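Chains as they are written, first to last, in numbering that gives the first Met the number 0: chain A, 0 to 364; chain B, 0 to 283.
Keep in mind the hints are simulated off the structure, nothing from the lab.
Treat the numbers as computed from the prediction; the structure is a model and nothing was measured.
Watch out, some of these pointers could steer you wrong.
[Unchecked claim] Lysine to any residue pairs mimicking SDA-like chemistry, simulated, CA-CA at most 25 Å apart:
1) A:53 with B:160
2) A:162 with B:6
3) A:53 with B:118
4) B:160 with B:107
5) A:46 with B:144
6) A:329 with B:56
7) A:133 with A:194
8) A:53 with B:71
9) A:304 with A:356
10) A:356 with B:71
11) A:140 with B:66
12) A:162 with A:135
[To be verified] Computed footprint of chain B on chain A, listed as stretches where at least three residues anywhere in the stretch have a Cβ under 8 Å from a Cβ of chain B:
13) 45–56
14) 138–151
[Unchecked claim] Computed from the model, here is a short list of chain A residues facing chain B with C-beta under 10 Å:
15) 29
16) 34
17) 68
18) 316
Built from N, CA and C at the ideal position, the CB exists for glycine as well.
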Amino acid sequence: MKRDAMLLVQALRDPASTAALDAEGWTALIAMARAEQLIGTLAHRLKSESTPPKVSEILSDARINAEYQRRSALWEADCAARALADYPGKIVLLKGTAYVAAGLKAGEGRHIGDLDIMVARENLLQVESALIEKGGWEWVKEDPYDDAYYREHMHELPPLIHKERDRMIDVHHTILPPTARPTPDAEAMLNDAIYLDSVRPEPVEGQLAWERSASTSSTRTDRICVLSPPDMICHSAAHLFADGDLAGGLRNLWDIHRLLEEYGSDNFWAALAERAEHHQLTEPLERAARLAHQLYGTDIPKDLKRWHRQDKWYIRRLTARDGWGRPTRKITRLAFYVRSHWLRMPPLMLARHLWTKWRRGRTVR
Amino acid sequence: MHEFRVQVGPAAFRIGSVWRRPIEQLAELYRDYSTPDIANFSVRLESPSLVRRYLRRSVTIDGDYMLPDAVPLPFDQALLAAEMGMNLQMALGWRRHLLLHASAVERGGKVLVMTGLSGSGKSTLSALLGHNGWRFMGDEFVLIDPESGHAVPFPRMISLKNEAIGAMQAAVPDGRFGLLMAGTPKGDIRHLVPPCDAVAAMDQSAPPALLLFPSFGLASAVREVAPAETFMRMTQASTNYVVLGETGFRTMTRFVKSVPARAIDYQSSEEAIALVDKLWEQLA
Numbered sequence: 000m001k002r003d004a005m006l007l008v009q010a011l012r013d014p015a016s017t018a019a020l021d022a023e024g025w026t027a028l029i030a031m032a033r034a035e036q037l038i039g040t041l042a043h044r045l046k047s048e049s050t051p052p053k054v055s056e057i058l059s060d061a062r063i064n065a066e067y068q069r070r071s072a073l074w075e076a077d078c079a080a081r082a083l084a085d086y087p088g089k090i091v092l093l094k095g096t097a098y099v100a101a102g103l104k105a106g107e108g109r110h111i112g113d114l115d116i117m118v119a120r121e122n123l124l125q126v127e128s129a130l131i132e133k134g135g136w137e138w139v140k141e142d143p144y145d146d147a148y149y150r151e152h153m154h155e156l157p158p159l160i161h162k163e164r165d166r167m168i169d170v171h172h173t174i175l176p177p178t179a180r181p182t183p184d185a186e187a188m189l190n191d192a193i194y195l196d197s198v199r200p201e202p203v204e205g206q207l208a209w210e211r212s213a214s215t216s217s218t219r220t221d222r223i224c225v226l227s228p229p230d231m232i233c234h235s236a237a238h239l240f241a242d243g244d245l246a247g248g249l250r251n252l253w254d255i256h257r258l259l260e261e262y263g264s265d266n267f268w269a270a271l272a273e274r275a276e277h278h279q280l281t282e283p284l285e286r287a288a289r290l291a292h293q294l295y296g297t298d299i300p301k302d303l304k305r306w307h308r309q310d311k312w313y314i315r316r317l318t319a320r321d322g323w324g325r326p327t328r329k330i331t332r333l334a335f336y337v338r339s340h341w342l343r344m345p346p347l348m349l350a351r352h353l354w355t356k357w358r359r360g361r362t363v364r
Numbered sequence: 000m001h002e003f004r005v006q007v008g009p010a011a012f013r014i015g016s017v018w019r020r021p022i023e024q025l026a027e028l029y030r031d032y033s034t035p036d037i038a039n040f041s042v043r044l045e046s047p048s049l050v051r052r053y054l055r056r057s058v059t060i061d062g063d064y065m066l067p068d069a070v071p072l073p074f075d076q077a078l079l080a081a082e083m084g085m086n087l088q089m090a091l092g093w094r095r096h097l098l099l100h101a102s103a104v105e106r107g108g109k110v111l112v113m114t115g116l117s118g119s120g121k122s123t124l125s126a127l128l129g130h131n132g133w134r135f136m137g138d139e140f141v142l143i144d145p146e147s148g149h150a151v152p153f154p155r156m157i158s159l160k161n162e163a164i165g166a167m168q169a170a171v172p173d174g175r176f177g178l179l180m181a182g183t184p185k186g187d188i189r190h191l192v193p194p195c196d197a198v199a200a201m202d203q204s205a206p207p208a209l210l211l212f213p214s215f216g217l218a219s220a221v222r223e224v225a226p227a228e229t230f231m232r233m234t235q236a237s238t239n240y241v242v243l244g245e246t247g248f249r250t251m252t253r254f255v256k257s258v259p260a261r262a263i264d265y266q267s268s269e270e271a272i273a274l275v276d277k278l279w280e281q282l283a
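Same shape as in the complex, but just chain A (with noise of 0.2 Å):
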């Protein structure tokens, strides 16, 4: 079968066009969103669509499961609230959390594994015992390498994870690696930061935003937050050209599109563009633009339409996937992977963490 994940993406960008799939082509592309971890989200889009009776059942499964995700998402950030109840400063939900909470499209059907939060990075440690000795999380392993790498070079704490609840919880205190090159302004976003009852004033479904979050909190909320929609864009753009190989990039880029497709106006890009330049993000704000456009369609600035020499690049890792939802394509995979690491940090510093991490990897063998 020659397929890549264009089909995926053609699926979620004009849902009608997968009336002439035949059994084949659904049973492709069913393995591909499940792989991107888009099937919920696919799902979500198909609602309306006639399928076959077997894809409507699979469709549906696939509903129920977004909809335990949302929910225990939200159990989870209700959980790490209390735990903080004493904690006086911001908790920013970030990713999948923030999109459900704040009832965003960006959140319909979307996969979401563990808790991303973000607070005041002078407050880290406090937050970080009251989640251990309030909340009932742990470190994951403790690992005086990984640890200190954590503390010394990273955006997050090491992850913890709960000790009944098996799930985990990053704690950030800026969207980006110290070590990368960019250098995003943390303060200003938690202090842009806006609490959940004020993100969205027009109601979802018949809801205020909040309100379905709320019901199954009743205590201290008002400390919840979410990055301003301008800030929410220049994450999802960091996190998926900054800061990662492109693993599951698809997803990232339809939250970007939707992003865009909710907030983007005139005047809406007018300031995301001067707010992504703040943080020294224009370029991955752009691409990720371009690339939302070129794939799902957004709807852009015209002057942003420009293509890009390295764009195609990109497309080709982004759909590097086959119609058993295996990867492709292993060289592109393992540019962007190497291209990862030099993002993150300085040549001197990459070589000493592969050496480490080189030299662990042969002694646990």
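Following the hints, put chain B in place on chain A, whose structure we already have.
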């Protein structure tokens, strides 16, 4: 990728393998099952590296749903790998029904459900009963329909372990058995094709009428299990109870309230079958 598709109860699987042989073995064992077009789940049998595809071959289980850090199996155990892959998809991905880790047989339009830890004998018992006047519905998963409360069959290959292999060979001398896989992580394993009527009726669900918690080893005994205990044990036996949320709770409470439950101890299969017959007469 060599490919095989099979319909087991309501679930359609697509199994791919980089080698031809496991696919041929599956096709032979599942020859009486129907072939679906669109698959609920894809399972892939792959080699951990290019070298391991040809030399000291070993099989990794991949698919739509995977466990991190799963250890590859030797090539001779490819059938087990396929079975584990299929089970994993059901356990992690199936949402239409409340999924119970249990075996089930049907008689007179009513279902006997048996659940317990591995080694309790639920699988062997269901296989024995399935060849003795009952319809075999499944030895691994029983699916409970949230709408009707009925048990939906999932009659995949019966997976016999250790002593159960010899016992079933004696009980069903003309049964169709797969290759013996010795020394797997679960001990010796051999598959047995379910009886024809089980396969032919794999789309026919029926209401559950009795729940048993069998336990092999102690002298013959029967103990009533109260609904609260049943509920707790059943939530542990379900892989998707939590994910189904309110639907899961409704389906589970309905099951627990309407189905009488007993724990039974037994030391031989004759004893177990006699106990089952007696309880079935009294309660179902």
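Status of the hints after comparison with the structure:
1. A:53 with B:160: violated (34 Å)
2. A:162 with B:6: violated (39 Å)
3. A:53 with B:118: It is violated: about 35 Å lies between the C-alpha atoms, which goes past 25 Å.
4. B:160 with B:107: violated (29 Å)
5. A:46 with B:144: Distance ~22 Å between residue 46 of chain A and residue 144 of chain B Cα, so the pair holds.
6. A:329 with B:56: holds (22 Å)
7. A:133 with A:194: holds (24 Å)
8. A:53 with B:71: Not satisfied, since the Cα-Cα distance of roughly 31 Å exceeds 25 Å.
9. A:304 with A:356: Status violated; Cα separation ~41 Å.
10. A:356 with B:71: holds (24 Å)
11. A:140 with B:66: holds (19 Å)
12. A:162 with A:135: Since the Cα atoms of residue 162 of chain A and residue 135 of chain A sit roughly 6 Å apart, the hinted pair holds (cutoff 25 Å).
13. 45–56: The restraint on the stretch 45–56 of chain A holds, since 4 of its residues have a Cβ under 8 Å from chain B and three suffice.
14. 138–151: violated (count 0)
15. 29: holds (8 Å)
16. 34: holds (7 Å)
17. 68: With Cβ-Cβ at 9 Å, under 10 Å, it holds.
18. 316: Since chain B brings no Cβ nearer than about 21 Å to residue 316 of chain A, farther than 10 Å, the hint is violated.
Violated hints, in rising order: 1, 2, 3, 4, 8, 9, 14 and 18; the structure is consistent with all others.
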